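Undergrad: As a plain string of letters, each chain reads:
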Amino acid sequence: MSFDINTIIYLLEIIVGGLLVGVGVHFVPVGGAPAAMAQATGIGTGTVQLAAGSGLTGLLSAGLMMSVTDNIWPILATGAVGAMIMMDATMLTGSWIYAYAVGAPFASAKVNYDPITKFSQPPYVAPGTVGQGIPTVCYVSGTIGAAMGGIGGALIYYPLVQINGNPAMSAVFAVGIFMVDAVLASWNIQGTIEGFHDPKFKKWPKAFKSCLVATIILAVVAVLITPIGGV
Amino acid sequence: MTVGGGAAGAPQALDPKKIRIYGLVGSVIGIYLAWILNSVTGTNIFSFVGALAALFGVVLGANAVRRVCAYGIGTGVPSIGMLALGMGVVASLFGLNLAEQLGVGVLGVIIALVYSVVFGYVIGLIANRVMGFNIPIMEEGLFDLSGAGTMAILGWSFAISGSLAYADIVKDVFNTGFLAIIFICGGLAILHPFNANLGPDEKQDRTLVNGVMVGGMATIATGICALMTLGFAAGMLEIVVGFAVWYYFYVWYFRLAKRDASAVVGTGLLPPSAL
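Keeping their order, the protein sequence lines are chains A and B.
So the first sequence is residues 1 to 231, counted in the working numbering.
So the second sequence is residues 1 to 275, counted in the working numbering.
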C-alpha cells in the first residue's frame, strides 16, 4: 500500500473510466421489453445487459492489446473499437430482424425529423407505439455510447492491472465497477432511451454526479489492493 | 402484500429487520463455522458449509429485492441483482486483501461486510437524493442487498477454495474464472425469486423459498467447480448437499405455488343457443 503520485493517477483513471461508462450508457438506444415487441425504438434488452456486453467486449479486447504493449493509447483504442463492434453487430442484426422478420419501418417517436438523415419520422410510427427499430440517429448514438463504454472499461482495467498485476482479478474488479455505474445510469434513464436526441438525455448530469460519488468510493478501495503471496 | 386473489393460508410476512439480522449474522457465522471446521480437522470436506452460509445471504438479498422492486425501478429486476453482485465482488476482494495486509487474515469477512453495507447505503442515498427515486426504503434496501451480495460471493468462494486466505481465494476462484459462475448463479439466486413471483399475489414465503431453491442449484454449480479445486470428496459432497437443498425447497416451492394458485373452474362449452 504505497501512496505516491502514481496512485493519484490510477485513482483519476478509474474515476474517469467510471464516469465515461455512466455517461456512455445514455447514448445507447435501449428499448427494453417494448422494443423486443417492436413497440419502442432501440435494442430489445435492458441497459445493464447492453452495457455489460459492450463493456466486457471492451475489456477483453483491451486485455488482448495489453498483452502486447503497455502503452495506454492503443489499449484504450482497442477497448473502444471492441465495444463498438459488439454494439454495432447487435444493432445491425437486430435491424435485420426488425426489417425482414417483424416488418416494421424504423422510426423514432421522440423527434419529427431524424437529425442525421433529415427523414420525416411521424408518418412511419405505428399507432399505439413509440417508434420501432433502430433509426440512423440511434445507430450513430449507440456507436458513440459503445465507444465511451469501451474506453471507460479499458480505463478502469488498465490501472488495476498496473496496481495488482493480476489480469483475471482486475477484469472481475472492473466488471464490478462497470456494473455499479451502468446500473446507476440506467436507473437515471428509467429503463429506456433513444440516444442523444432523446429529451431524457438531458438528465445525464444526475448520472454524472451519482457515478462520480460511487466511483470515488470504489476507486479508493481499488488502489488499496496490493498483491499478496504472489497473486 | 396480500392484495388480489390467491388462496388464503400464507403466513404473516416476516419482519425485514428480523430477516436482516438472521441473514447477516447467519452467513457470517456460517462462513466462520466452515472455516473453523476445515482448519480444526485439517481437511477441506466442510467447505459445503460455506455454500449453506451463502444461502442466508441469498434470503436477505431476495427479500430486499422484493421490497425495493415492489416500488418499480423502471429497469427491470435483474439490474438490481447485478448491482448487488457488482458491489459484492469489490467489497469481498477489498475485505480479504485489506485484512491480509493488516495481518488479521480471518477478519476479512467482517471488513468486506462493513464496507459493502456502507457503500450500499451511500448508493441508496444517491438514488433517492440525486436521482429522485423517492423510494422510502431505498437506503436500507441497498444496505441489505450489497451485504447479501457480498456474503453470497464470500460463501460460495469459500465453497470453491476451502479457505479464507486471500491468496487461496484469488488462486482458486478468480484466476480460474469460477467467479463468473458465482456471479451469475449467485445473482440469479438473489434476483430471480422476485422476477419469477412478482405480481399482485406475490407472497414473501413463496419468493424466499424460491430463492433458497435457486441457491441450491448455485451450490451444485460451485460443487462442480470444487471437484477441480478441492478434489473429488469435497466436491461430490457439495453437489449432494446442493441437490438436497434444491430438492427439498423445490418440493416446498411447488406446494406453495399450488397453495397460491387460483382455482380454475370448468364451466363446460358454450350452450348451443349462444353459438
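These are computed hints drawn from the structure, not numbers from a lab.
Take the hints with a grain of salt, since some may be wrong.
Sample of chain A residues facing chain B (criterion: CB under 10 Å; computed from the structure) [said to hold, decoys possible]:
1. A52
2. V175
3. N188
4. I217
Nothing here was measured: the structure is a model prediction, and the numbers come from that model.
Even for Gly, the Cβ is constructed at its ideal location relative to N, Cα and C.
Undergrad: Now tell me, hint by hint, if it's right for this structure.
TA: Each hint, compared with the structure:
no.: 1; hint: A52; in the structure: 7 Å, holds
no.: 2; hint: V175; in the structure: 7 Å, holds
no.: 3; hint: N188; in the structure: 5 Å, holds
no.: 4; hint: I217; in the structure: 6 Å, holds
Violated hints for the displayed structure: none, as all numbered hints are satisfied.
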